[in-house]
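Engineer: Sequence:
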Amino acid sequence: MTKNGTHETDFAEAAATRMDEAARSLLGRGRAVMDQLPDAVEGARGAIGTAQGQVDELSDEGVVAAVAFSAGVTMGLFLAGAPRVILALTLVPTAITLRSALRRGVRPARLVN
Numbered sequence: 001m002t003k004n005g006t007h008e009t010d011f012a013e014a015a016a017t018r019m020d021e022a023a024r025s026l027l028g029r030g031r032a033v034m035d036q037l038p039d040a041v042e043g044a045r046g047a048i049g050t051a052q053g054q055v056d057e058l059s060d061e062g063v064v065a066a067v068a069f070s071a072g073v074t075m076g077l078f079l080a081g082a083p084r085v086i087l088a089l090t091l092v093p094t095a096i097t098l099r100s101a102l103r104r105g106v107r108p109a110r111l112v113n
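Counting from 1, position 38 in the sequence shown corresponds to residue 38 in the working numbering; the numbering is continuous, with no gaps.
Calculated directly from the structure, the hints in this document are not laboratory data.
Treat each hint with caution, since some may be false.
To be verified - Cβ pair distances, simulated, as ranges:
#	residue 1	residue 2	range
1	72	18	34 to 40 Å
2	19	58	33 to 39 Å
3	23	54	18 to 24 Å
4	81	49	28 to 34 Å
5	25	48	31 to 37 Å
Every residue gets a Cβ at the ideal spot worked out from N, C-alpha and C, and that includes glycine.
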């Protein structure tokens, strides 16, 4: 006499079906995100360009203050143990302000003191 499917095999088949559906759903959502990625990158590029333009309009003292502030925020988050992604994002304004300061010819001694 042969047995029909047991509870364990029914459960395994149901779990495999659910995993398959979850994988398909995740793949579909990943593709949707990838389709929108070029627009997001272009928007970020525009925002960074606008921020660079605003920093370029500051006086030399304003640029030095902006460098000090952004570097201070970055160091504070680093010392507080912020996640690496957050630290990477805080380096963007620091890089923008530092670039503007160095392009103006502000000496590094003035930035440090």
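Engineer: Each hint should be assessed against the structure and marked as holding or not.
Structural biologist: These are the hints, each one checked on the structure:
1. Range check, residue 72 to residue 18: Cβ separation about 49 Å, and the 34 to 40 Å hint is violated.
2. The hinted range of 33 to 39 Å is not satisfied by residue 19 and residue 58, whose Cβ atoms lie roughly 55 Å apart.
3. For the pair residue 23 and residue 54, the supplied restraint of 18 to 24 Å is violated, since their beta-carbon distance comes to about 45 Å.
4. A C-beta distance of roughly 32 Å is found between residue 81 and residue 49, which places it inside the suggested range of 28 to 34 Å.
5. The supplied range of 31 to 37 Å is met by residue 25 and residue 48, whose beta-carbon atoms lie about 34 Å from each other.
In this structure, the hints that do not hold are numbers 1, 2, 3, in rising order.
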